[in-house]
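Each chain, letter by letter, is given below.
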Amino acid sequence: AQKVTQAQTEISVVEKEDVTLDCVYETRDTTYYLFWYKQPPSGELVFLIRRNSFDEQNEISGRYSWNFQKSTSSFNFTITASQVVDSAVYFCALSEGMDSSYKLIFGSGTRLLVRP
Amino acid sequence: NAGVTQTPKFRILKIGQSMTLQCTQDMNHNYMYWYRQDPGMGLKLIYYSVGAGITDKGEVPNGYNVSRSTTEDFPLRLELAAPSQTSVYFCASSYSQGRGEQFFGPGTRLTVL
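Sequences listed follow chains H and S, in order. Each number in the working numbering corresponds to the 1-based position in the first sequence with 10 added. Each number in the working numbering corresponds to the 1-based position in the second sequence with 35 added.
Careful, some of the hints might be misleading.
What the hints assert, rightly or not - Calculated pairs, PhoX-like style, for lysine-lysine (alpha carbon to alpha carbon, straight line, at most 20 Å):
#, chain 1, residue 1, chain 2, residue 2
1, H, Lys13, S, Lys44
2, H, Lys48, H, Lys13
3, S, Lys92, S, Lys79
4, S, Lys49, H, Lys13
5, H, Lys48, S, Lys79
6, H, Lys26, H, Lys48
It should be emphasised that the hints constitute simulated quantities derived from the structure, not laboratory data.
Produce the complete structure using the sequences and hints provided.
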């Protein structure tokens, strides 16, 4: 069965610290897609990244980086030199290749608090 | 482009009342979705549509209905509201090719008392 687990419910760091948000997924499909979304206090959902199962290359975008490891079914997200504006709930999500609806299966989210 | 718009932003219902949550997208996306987000939880799929005239149930469809008469609009109907339907409701849309990201609306916060 498909599942996304974000074991860290809440993380609190001081500004400029690095922080890693963990995401572990379960799927029987060999083709699948992984996503990260950010939900700031205002409540909207902001897309951060999409990665397909055939591309294990890590990605860096400014202070954000993602580590995709199929061997451990993980897709972790690191924020370098965190800032107060990074405070939000972050969701990892999975879309299975055999699912023609393209629906997203969300983890329960990790709330990140960055203190000044 | 306005993207995905939802109305209303907030609503309080009494038990047993009905209402329709509106969702419109102007990106010509075929795929549209309704999710609900309960406090401290991730989003769960209520209904989805892969094109005008085609809808299907998601993970938590009970107590809801949808229709898709046009590409742009995907309203969600709550019949006989119950306290368990207190949640934040998000509408989303996506392209049908390439498994791209879903674009989300701003959400509707619904309270049933």
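Hint-by-hint comparison with the structure:
1. H:Lys13 x S:Lys44: violated, 30 Å
2. H:Lys48 x H:Lys13: Holds, at roughly 19 Å.
3. S:Lys92 x S:Lys79: holds, 12 Å
4. S:Lys49 x H:Lys13: Answer violated: lysine 49 of chain S to lysine 13 of chain H is near 34 Å, above 20 Å.
5. H:Lys48 x S:Lys79: Distance of about 16 Å is within 20 Å: holds.
6. H:Lys26 x H:Lys48: holds, 19 Å
In terms of the numbered hints stated before, the structure departs from hints 1 and 4, listed from lowest to highest.
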